[in-house]
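Chemist: Heads up: the sequence lines are chains C and G, in that order. Each residue of the first sequence is one higher than the last, beginning at 1 in this note's numbering. Each residue of the second sequence is one higher than the last, beginning at 310 in this note's numbering.
By construction, these hints were calculated from the structure, which means they are not laboratory data. Glycine included, each C-beta is placed from N, C-alpha and C at the ideal position. A portion of the hints provided could be inaccurate.
[Claimed, not checked] In silico BS3-like pairs for lysine-lysine, Cα to Cα no more than 27 Å straight-line:
#, chain 1, residue 1, chain 2, residue 2
1, C, Lys301, G, Lys370
2, C, Lys90, C, Lys2
3, C, Lys90, C, Lys70
4, G, Lys370, C, Lys237
5, C, Lys70, C, Lys167
6, C, Lys2, C, Lys70
[Said to hold, decoys possible] Stretch by stretch, here's where chain C covers chain G in the computed footprint (C-beta under 8 Å, at least three residues):
#, segment
7, 361–367
8, 399–408
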Amino acid sequence: MKIIGPDALVFGVDDIAAASQYLIDYGLQAVDAGPHGGRFEALDGTAIIVTRQDDPSLPAPLPTNAPLRKTIYGVADQATLDAIAAELSKDREVRRLDDGSLESVDDMGFALGFQITVRRPLDLPSERVNAPGDHARPVNDVGVDEDRVIIPRSLSHVVYFVPDAAKAETFYVERLGFRCTDRFIGTGPFLQPAGTLDHHTLFMIETPPFMLGCEHFTFHMGGPSEVLLAGTRFVNKGYESFWGPGRHKFGSNWFWYFNSPFGCHVEYDADMDLHDEEWEAREAPISADASQAFLFQYREKWIPGGDPQ
Amino acid sequence: METMNLIELCHLDEIAEGTSRGFDTSGRGRDTVFLVRQNGELFGYRNACPHYGTTPMAWRKDAYLSGDGSRIVCAAHGAQFDIATGECLQGACLGQSLTPVRLTITDDGRILLEQDAQ
Ligand code: FES
Ligand SMILES: [Fe+2]
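Work out the full structure: start from the sequences and follow the hints.
Modeler: Below you can see the structure in the form of structure tokens.
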């Protein structure tokens with residue numbers, strides 16, 4: 001089953017204007033946005049979709065009323081869509097929507113959509129680094145451009161709080177063909193669908209049932225400098241840094257998490273590991289040490305000795 | 310004898326009805342307490358969500374309330390709190406409460422935070 005990854009996440013919110021401004025300030029591009037909500041896209045067309053929480057077209061909310069209302073997966077082709085429909089209709093309702101997509105639920109109750117992916121192939125260089133032995137950035141190409149326009153490239157992953165991580169994992173692995181790439185023992189698995197090499201597009205954290213919902217979502221940036229520069233701009237616009245910047249161990253992705261009006265954290269990430277079926281999943285008990293190689297905290301710009309008067 | 314520090318946060322005129330506002334009382338670049346004004350009353354809490362214990366709650370400077378202004382919301386995982394009691398009514402720290410701070414309002418409307426001297 002060639003599921004590629006999340007094409008879009010749909011949120012129902014109580015303040016459309018605030019949610020929309022947040023996503024624009026985060027760096028996404030508004031498409032068809034207005035008082036009704038809208039679509040906020042990354043460079044490859046993956047998106048966050050914002051609607052009113054009482055929008056009748058939304059699937060039913062989770063019992064916790066979490067603002068995340070639907071995770072829409074992009075798949076490679078119609079054959080994959082048909083295979084998903086056949087598989088899931090064995091034990092649950094699968095609806096075919098007017099746009100040709102499928103709608104169903106996972107074993108924890110998260111509403112899922114499946115569509116032929118909207119992802120546009122990107123032909124963009126990643127952040128290039130010069131080091132003795134490998135000068136990857138072209139001569140006379142300057143590494144720091146504080147004015148550069150930074151637009152997130154692609155919806156990377158979503159993280160769920162689930163009451164039963166083992167059961168939740170079984171659904172994605174056995175029914176939808178995801179693989180576990182690494183695992184925090186007692187917490188949950190990093191999961192990779194069959195149509196991508198990204199270390200994970202889904203991670204789950206086992207928590208009491210009253211927390212069922214989304215922990216965070218994130219977009220891939222062009223490299224670590226973009227994570228740090230975009231995050232710095234976000235802080236300077238008044239947004240609240242929650243954790244980071246830093247670099248995770250499992251997946252090796254750089255991270256910076258922010259609070260948001262979506263009832264979850266919103267992250268910038270970059271430079272995640274790629275794995276194929278040769279990879280053997282690692283396991284570790286979760287801890288501060290296991291979850292990051294290093295961690296920094298934002299502070300205002302400063303110069304040794306102070307600015308000249 | 311118990312000693313107390315008084316820290317001036319702002320004037321009553323500087324926090325409008327139905328809004329919230331955060332204050333960096335330790336000068337570390339991060340708001341440590343916040344005030345909410347509702348129905349003419351003033352409530353103050355530590356900017357620390359009981360879910361993770363010490364983590365900041367706003368999603369943007371001074372944004373501590375739900376869209377309709379009826380509850381305090383932690384913008385980390387969406388826990389909702391009663392404005393007057395600080396009790397978590399929905400979400401990650403159900404049954405736990407925000408830590409209130411002690412406030413004094415002077416005759417001329419200045420809002421003072423009472424802190425035990427270290
Ligand atoms: S830290 Fe506040 S809801 Fe999780
Ligand atoms: Fe993440």
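Chemist: Take the hints in turn and mark each one as holding or not.
Modeler: Hint-by-hint comparison with the structure:
no., hint, result
1, C:Lys301 with G:Lys370, "holds (19 Å)"
2, C:Lys90 with C:Lys2, "holds (19 Å)"
3, C:Lys90 with C:Lys70, "holds (21 Å)"
4, G:Lys370 with C:Lys237, "holds (9 Å)"
5, C:Lys70 with C:Lys167, "holds (19 Å)"
6, C:Lys2 with C:Lys70, "holds (20 Å)"
7, 361–367, "holds (count 4)"
8, 399–408, "holds (count 4)"
Checked against the numbered hints above, the structure breaks none of them.
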